[in-house]
Amino acid sequence: MPYEFIEHGADVGIRAWGKTIDESFAEGAKALFDIMVDINKVEKQDSVDIKCEARDIPALFVGWLNKLLAQADINGMVFRDFKIAEITQTDDKTYKLSAQAFGERLDRDKHAIKVEAKAATYYGLKFEKKGDDYYLQCVIDI
Amino acid sequence: MKIDVKQISKYIWEIPKSGEMLVPGRIYADKELMEHLISDVEKGKEWNALVQVVNVACLPGIQKASIAMADIHPGYGFAIGAIGAFDTETGVISVAGVGFDCNCGVRTLRAQITRDDIKGKEEKLANELFMTIPAGLGSQGQIKLSLSEIDEVLIKGARFVVEHGYGWEEDLTYMEEEGCIKGADPKAVSYEAKQRQFKQIGTLGSGNHYLEVQYVSEIYDDVAAKVYGLFPNQILVSIHCGSRALGHQIGTDYLKILEAASRKYNIPIRERELVCAPFKSEEGKRYFSAINCGINAAFANRQALTHLTRKAFNSALNVDEKSIRTFYDIGHNTAKLEKHKVDGQMKNLIVHRKGATRAFGPGRPEVPDTYKSIGQPVLVGGTMGTCSYILHGTEQGMEEVFGTAVHGAGRVSSREQAKRRWRGTELVKQLQEQGIIIKGHSLPGVAEEAPGAYKDVTRVVDVVHNAGIAKKVVMTKPLISIKG
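Just so you know, the protein sequences line up as chains A and B, in that order.
Per this note's numbering, the first sequence starts with residue 6, numbered consecutively.
Per this note's numbering, the second sequence starts with residue 725, numbered consecutively.
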């Protein structure tokens, strides 16, 4: 169960699991693009570097998803695979992420478009550890 | 958890001031909806609209009440359907009160033709609109902009589009703010937001956004309908969309900025999304300016789509483009500077409407001269298969709810539930049997917007009508719906 969608009145909640925090960040990104397209049909032809920072891990997760949305828009791309290079804490109020997103130019037919995501939000934001697994959760505004 | 709720009248419910609330909460709803909302609180549901009404009532400078309309459902910090008006001297501006799509709204166009005039040509018109209106993920508009032109759009709104030959001066007369709100400084908008806008002017988007060809199916108020230029079976076109990715990015950027501001100015954060800054602070002023940019971007977007709609009508039906006139254009995700009476005195307020429509009464200077005797038209969108309404604002609405009404039906089923219950292809077929043509770029997207996933728009509209804060003028029914 790497990621799952959870019920939310008007929009879509996502919950992303991982053995590490990095892994759940990558799974959350897959969930985000799964809302928008059939990610199994996206090929890894190109990549974009992503950097962001926030005051804690959950906010960094939301920031990461929003950066991906912006980069997808600006480059006309969709992503399917994600490599988190590092997540570091530089002081007690700053966490930094650098990562790579892999995908290709959006093809509306090939990728079987679903709906646009407006933004990842702080709503329902959770960061917990259950057993050996971490999970991160937030609601995506559609 | 428990929230005390008192019934004030048949359609008005109050959450009395308690704890840190600065004003009471006030909800316009019928009994069934209210019971549903209360049970969500009692069950301790994770997404909870009444808790959000209480949270907004605690924000500094709030005036009269933390208000919610009959289409209320859980949102981000503010419930959808919420109104929060704040004193400009002592109050705050909140990113949660506007959301991730500034000035998402509805433009309605009125043609001079009737349902009979397009009989047998519906499919042709639907295909033409589907080909002409860019919609869905990754669609691009026909107007490509440079960075300096984007700044101009953010300052001039729909006027920029009209100046480039897409529409006429008259369109601007029938828009809120005449399609161009003042106080928009493009410097308050990030480069990333602007980059996302280069190709998106004149695109519909997806989700609950749509373009719908409708006809006037019932008239409730002959005098108002006449003043509004509406008649039985008349063809109307309603365009529901907003400020696209630029608006999404403004929301994302300022969520972060205002989160820091809430801490800086010691404003307690009751829900992580419910962040704000004093309206008079640097952060508050910049956010207000960014909202105004987003508002103008949405006006420009709906103006470009209006132009494309006219082209499609002309091409499919040989209808004169000039005969398709803008009826009105309203936003339902805004924070605006307005003057309202509070405790007998006129005050400058910053009025947040999150999923709520401005509904100014007769005589207000903001209402176009032609409509002034009746009040502002209020455009309430239904769902694909049901109906929509046009109402007018009232004096009572000005007094009670800062001149505001509902914005739509409001969801009852989640997108995931909807996709499990309905299939896109079957829905399209069922609606076709009812004489409604659906053209969508994404079948799962159509299923998520199934009429059954929403509250009954008629019940929602009846609440505001019976409460007297806005009055019904006409009902419209859909013939063609274009979805992203």
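Fair warning: there could be bad hints in the mix.
Some chain B residues close to chain A (C-beta under 10 Å, calculated; not the full set) [to be verified]: (1) Gly768; (2) Trp771; (3) Leu861; (4) Phe922; (5) Gly929; (6) Ser986; (7) Val999; (8) Asn1072; (9) Gln1141.
Note that these hints are calculated values from the structure, not bench results.
All values reported here derive from a predicted model rather than from experimental measurement.
Cβ coordinates follow ideal geometry from the N, Cα and C atoms, glycine included.
Each hint tested on the structure:
Evaluation of the B:Gly768 hint against chain A yields a violated restraint, the C-beta minimum of about 14 Å exceeding 10 Å. Checking B:Trp771 against chain A: minimum C-beta separation of about 5 Å stays under 10 Å; hint holds. Interface hint at B:Leu861: satisfied, since its Cβ lies 4 Å from the closest Cβ of chain A, which is below the 10 Å cut-off. The interface hint given for B:Phe922 is met, as the beta carbon of that residue sits about 8 Å from the closest beta carbon of chain A, less than 10 Å.
Checking B:Gly929 against chain A by beta carbon gives a least distance of about 6 Å; that is within 10 Å, so the hint holds. Given hint, B:Ser986 at the interface with chain A, is violated; its Cβ is 12 Å from that chain's nearest Cβ, farther than 10 Å. With a cut of 10 Å, the hint placing B:Val999 at the interface with chain A holds, because the nearest CB-to-CB distance is about 8 Å. Given hint, B:Asn1072 at the interface with chain A, is violated; its Cβ is 30 Å from that chain's nearest Cβ, farther than 10 Å.
For B:Gln1141, the interface hint holds, since its Cβ comes within 10 Å of a Cβ in chain A; the closest pair sits about 7 Å apart.
The earlier numbered hints that this structure contradicts are 1, 6 and 8.
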